[in-house]
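Participant: Below are the chains, spelled out letter by letter.
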Amino acid sequence: MMFANLSRNDWLLLVGFSVVVLAGPIILQPLGAAYPALMQKFCIYGIFALGFNILFGLTGYLSFGHAAFLGVGSYAAMWSFKLFTMNVIPAILFAMVFACLFALIIGYVSLRRSGIYFSILTLAFAQMSYNLAYSVLTPLTNGETGLQLSRQDPRVIDAMFGSPGPGLPRASLFGVDISGGGYPGFYLCAVALIVCFFFAMRIFRSPFGMMLRGIKSNQNRMRYTGFNTRPYLLSAFVISGLYAGLAGALMAATDPLVGAERMQWTASGEVVLMTILGGAGTLVGPILGAGVIKYFENIFSSFSDRTLHGFFSFLPESLQDPVVSFFSLFVGDGWNLTLGVVFMLIVIFLPGGIMEGLRRAWNLVNRKGDGGDAVPVGQTQPAE
Amino acid sequence: MSKFIMTRRGLIKAGAVSGVALAAPMHFVRNAFAQDTSCNMPTGDTVTFGWNVPQTGPYADEGADELRAFQLAVKHLNGEGDGGMIQTMKPTALKGNGILGKKVAYVTGDTQTKSDAARDSAKRMVEKDGAIMISGGSSSGVAVAVQSLCQDMGIVFMAGLTHSNDTTGKDKKRYGFRHFFNAYQSGIALAPVLADEYGKDRKAYHLTADYTWGWTQEESIKNATEELGWSTVAAVRTPLGAGDFSQYITPVLNSGADVLILNHYGKDMVNSLTQAVQFGLRDKEVNGKKFEVVVPLFSELMAQGAGDAVKGILGTANWDWKLEDEATKAFTKSFGQEYGAPPSQAAHTCYVQALLYADACERAGTFFAPAVIEALEGFEFDGMGNGKTLYRAEDHQCFKTALVVRGKENPKDKYDLMEIVREVPREELTYDASIFGGDLGPSDAKQC
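Order-wise, the sequence lines are chains A and B. Convert by adding 5 to the 1-based position in the first sequence; the result is the number in the numbering used here. Convert by adding 334 to the 1-based position in the second sequence; the result is the number in the numbering used here.
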């Protein structure tokens, strides 16, 4: 039976996770992040990181070119909007099919090597796709300017049901606007994230997941016992490519403009950061990591000196200025610096990411009254 | 491990919780069904503008100067400082007490000169900070991307520095307005001067930034020079933010070309021009003529970056602080007092755009976006540094005087880097709005 291998705790986790995600607009209010565009980004990058974690967290294969699948998904979804219909369902399917095929090809070649060679191969493929999208395939991708909707697009399916309105159409889900801002877009992404989370959990708990973990701990031993590891690796690679494709499709659905820069190596590096920051190999970790990085990118970068002055207004005038000028290094366009510092601290002191930090805190709270024993740390996942 | 069993009570509880969670955000939807409101119309005693400028990346210098100009504009609109161009603008409805009695506040964002990042920060300013208009930007790729977003969200976009023909051509939008001139106008302005200085028999080699602005500028300059009788040897596309252009410049030497046209801007242009001069291109003689370099879009900030390399280089500019009219003097004076340096043309266009939007709101008597758009369309004004100017209704492009400039041989100080070769009048630069195609789309108000 499909749900047989999920324990009561897993179900509780799933329900708790769903409630937290759906209640995002309330929970994120005090953090100043409760606006649809950013919460969509949280969900989309959460899906992206979740998929990446299936490959990296379980098998230990570090792909440095995952943004390529995100880009392929986006372009495929965009072409579905342009050619067929503004409904997001065909766009998502279209994107997942293309991302899947693309992952199959790249995975088939790259997985012949492991370790650093695998990383370099995927990086090379991704940079190749980026450059193709940037200049060579301009008719398909519109280069640096980015692929956009136009009123002249055929949209054959929509055209059958009536003539287009005066403006550009919006991506929709059977009449509900997904693009153009607003909460429906967020809820679509949130539901997608919950479904993805469920499938990731299934994979983590399945024999297939155990097999992938086996590959991570000792691939040679797996081979000696008679397993052919290649098909397992390839499946993991394709599944994580599918997740990236879905994330790309949602990106295009909530904001129908696709630029090549989302395939650049920096975007691939970002998902690695998200996963390690949150905790590779854990279920919730990568989503947390994605949230933290997107929060820094969007909120921290918007703080100005004025915000800081407001924040430190309790200090006396003479102290306020030096404090503000010091901290202004870390906000505004210095948000990268803050992120770098946070990332360094986490990698040095909490190799298992935010999840390890949470686990330690949990253990600290639940420590027995006799209080002598060192806290046993659950499965630590070093950042490989 | 125990299996999860769903009881009836558990189901009802879970249903109630998720129902509350789903219904809660509806609380935040404002003005959902109100009449005659557009996105983010101010209700309190302030109105918020969004300054979306590159703070990092290849155009960061321009972005910093744009932000300075915006902050100055907000001061002047609120009646602080000496008022700058509000004093010289004709006709004007601005009173120097905010807009329609509301004080102007602003929020800022970093476009990073990337479409995705620019749209993210624009969406943040609209959805979170309640910005009623977005302005700024230093790249046409970003301008086109943000403009289409603004059209979709029903927010007026006053484009900053964007020179591509597409911004008010193929990709024009009802909610987008551009004060800056464009590549087509650069071509018309520059061609006669090029013919005078370098003759009518030249072979040109283009290096072009590989995005919408580069493409349209290359096309416009190519057309304008080929009409003079020049021929084009090759046009090579270089990635934005390449940094090192030596691999692109070496082939120029052996191509038989005698003019190099650099369709670059910002740090790209600083790098490519400096390297072209270091490679000795300008000391060469090809086909019996002196080798020349042309930079069709020029700015003071780039001239500062490139140093000696700009001496004698021809190009065009939208505006220059050394112009003699009253408006330019007033603006340069108050900008200089505030920041200790004269404004760049990027700063000028952003400052003017902020004032024009504010003035349109005053004249319309409301912040209702369709009414503001109507007030801007076909608006004719003077006293903003470019002489008599028209915001053409058909494509939302401003028509005004443009400048042909040359890098000065003997600058007096580090701001005196360009001399004005010719002021090209508005009549010469006016073209038919239909030549670039495109469609403005509807101006109906959107709720958000």
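Hints listed in this document are in silico derivations from the structure and should not be mistaken for laboratory results. Keep in mind it's a predicted model, so treat the numbers as computed, not measured. Idealized CB from N, CA, C, for every residue including glycine. Do not rely on the hints blindly, as some may be mistaken.
Stated by the list, open to error - Derived list of chain A stretches under chain B, where covered just means 3 residues or more per stretch with a C-beta under 8 Å from a C-beta of chain B:
id: 1; stretch: 33 to 45
id: 2; stretch: 139 to 151
id: 3; stretch: 171 to 183
Claimed, not checked - Distance condition first, Cα-Cα at most 35 Å in a straight line; then the derived DSBU-like pairs of lysine-lysine:
id: 4; chain 1: B; residue 1: Lys-624; chain 2: B; residue 2: Lys-667
id: 5; chain 1: B; residue 1: Lys-746; chain 2: B; residue 2: Lys-437
id: 6; chain 1: A; residue 1: Lys-87; chain 2: B; residue 2: Lys-504
id: 7; chain 1: A; residue 1: Lys-87; chain 2: B; residue 2: Lys-436
Participant: Compare the structure with the hints numbered earlier in the document and write down the numbers of the violated ones, lowest to highest.
Facilitator: Structure breaks hints 4, 5, 7.
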